[in-house]
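Make a model of the complete structure from these sequences and hints.
2 protein chains.
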Amino acid sequence: MSRETEAPAAMPTLEDVARAAGVSRATVSRVINGIRNVDPAIQDAVRDAVAATGYTPNRAARALVTRRAETIALVVSGAGDASEAEQNAFAAGVFADPFFGRVAAGVVGYLRPRSMHPVLMFAETPDARDQVVNYLRQGSADGALIVSTHAEDPLPAMIAAAGLPAVLFARPAGLVPISYVDLAHQDGAKLAAAHLLDRGCRNLVTIAGPRDVAAGHERLEGFQDAMARRGFPYIPVAEGSFTLRSGEEAMARLLAEHPDLDGVFAANDLMAQGACLVLREHGKRVPEDVAVVGFDDSSVARSSRPHLTTVRQPVEEMAAEMARLLQERIEQPGLPVTSVIFEPELVVRESA
Amino acid sequence: MSRETEAPAAMPTLEDVARAAGVSRATVSRVINGIRNVDPAIQDAVRDAVAATGYTPNRAARALVTRRAETIALVVSGAGDASEAEQNAFAAGVFADPFFGRVAAGVVGYLRPRSMHPVLMFAETPDARDQVVNYLRQGSADGALIVSTHAEDPLPAMIAAAGLPAVLFARPAGLVPISYVDLAHQDGAKLAAAHLLDRGCRNLVTIAGPRDVAAGHERLEGFQDAMARRGFPYIPVAEGSFTLRSGEEAMARLLAEHPDLDGVFAANDLMAQGACLVLREHGKRVPEDVAVVGFDDSSVARSSRPHLTTVRQPVEEMAAEMARLLQERIEQPGLPVTSVIFEPELVVRESA
DNA sequence: TTGAAAGCGCTAACAT
DNA sequence: ATGTTAGCGCTTTCAA
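Chains as they are written, first to last, in our numbering: chain X, 1 to 352; chain U, 1001 to 1352.
Simulated from the structure, these hints should not be mistaken for laboratory data.
Hints are supplied without guarantee of correctness; some may be wrong.
[To be verified] Here are a few chain X residues that face chain U, going by a calculated C-beta distance under 10 Å: (1) P98; (2) V300; (3) V315.
[As the list claims (entries may be wrong)] Facing chain X, a subset of chain U residues (Cβ under 8 Å, in silico): (4) P1057; (5) A1061; (6) L1074; (7) V1094; (8) F1100; (9) A1104; (10) V1108; (11) R1112; (12) L1120; (13) A1128; (14) Q1131; (15) G1139; (16) L1277; (17) E1316.
[Stated by the list, open to error] Okay, the calculated bits of chain X under chain U, using three or more residues with CB under 8 Å as the criterion: (18) 69-76; (19) 112-120; (20) 129-143.
If you're wondering where the values come from, they're calculated on a predicted model, not measured in any experiment.
Glycine residues also receive a C-beta, built at the ideal position from the N, C-alpha and C atoms.
Structure follows, in structure tokens:
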């Protein structure tokens, strides 16, 4: 009738290890947390005891006293006020773009060696946003890595106002005092312009991203500016929404109005892929008749035919840097808001 | 010189609420946890006090005493022994298939209304697998939702051996006593076969998934079986790996050997899309010259041209069901291992 | 119906 | 260098 036998797996505690090693809880704690000033012989004894008992620290107990959850939130945030069904579509749609998978990979790549793992949250509605803020406020996570899909996203401002540690992917709209990593989008667009011009294109058009997304806006501006400097003051532009479909539609419009075009700069790879598809349908060869340059160097750049010449955005490294900055700010709350801008790189493949 | 003023945001505790409401901690706790036998007037007083103080329960403290983390792990698991760089590629690659995004969306869709959020973990190496087991053992998460990419994945067996609550997406290889949700893949393949045959195709071929993945295997078997029953004992098959590229290559091979083929069943949409691309390159019209049926009804089915006729796998619902089963098993540890099989559905669009 | 009190497992002063 | 002790914020008997 003993209760002990009923317990499925009573995890050993510090106390158990201490008893096994013949020392106090405090000493065991010191060894486990790597604090020096512990006799080497005792350290060994403790380590043996840990191994013998199969001890693993209880995260809740530790979090309670240290006031650190040792957890961070990875939140994908929209600007909407969606219904529940729409939220699911949002979540599924987010991953349809290879971009988010790269962010997740970069974040996990940084966190895992440190034995940390991100909590995945979607914040596409006011309720969901409140949930995120609360989650952080109550200390369930020590900070947030935020990827916004829209410029009007109110979450960054909410987080900043609450004084919670966070780092964004891409500069926030407005003057939100919050750290972020970003890419020098304009420089990337300039790389594309130079490449297209250098290979002899003279009738260029561009498929831009949504005007209200900073990345889309800046890539367009950078491209127009670079072209203007080389003597091309006007570039036909069609706006897409970073999806394959929108790239196809934009390309079709451009082709109808400018049948003699010989080069396309698309603001991301997915739209560039769409452009290639439509170009082929209209009997244009890529790159012989029309050269196409994408942006991002995402997985579709290599799965698309022909392989896309594109501007590389090192998303994984940028995401890892976000995690690093956040951790730094969690550990040293006094640290000022900062930003890290990455430089793009031209990757020449077959499409241009 | 008071310490209090230095604290950035001392969160209110139960004690604070109790004081504000003029009752004891225990009573506040009862109200918050919805336990009856509390005077309605006091309930109101407590609720007011909660609102006034802005109280939020501290998850670590609660977890410590209830022995529940109120957290579950969402783990994407491979079978490999990859280097760190390969792990990152694995993580990014996993998301390249729209499948995983749908799983995440389904899981979050179920969890979020319950104020829970999944911890994202990748387990592609022995170390990473140990990390997952440890994470669960130490109670950082109450259970795991596991999506394996390979049949030889040792993680399910490890989890089962440790007696930890878990639910898999897809039946595990071998005889691992662990719950799972799955699709009746064979039935889905039969739907595809019947549709292709009914529309008049007589020279069918199939692009199969990897032989060592149950889903790939079963879809092929189901297709072959259905064809045999209709008098077609031999169906040319080319094996792919569920990627767009592999679909293209398989289609090219099939086309070379069977130039007169008039119908293709691909084991997933990505490969079906690849098939369409290659077919078009070879001057075949889809569906006029060659009909193509995919599998999954993922986002590419609608982004691909022509829109894919496909067999729908309700991934989001299946993922939500995984979460439900897991929660049920966490709350009632005695529950037996179970399985839930979903029925596929034919979605007719343009490609067949 | 409510309150008092005993921990959950751990860290961090403080003592020694 | 090590041990003692006092909580962290919460839930949950046990009394009243």
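Hint check against the structure, violated hint numbers in rising order
none
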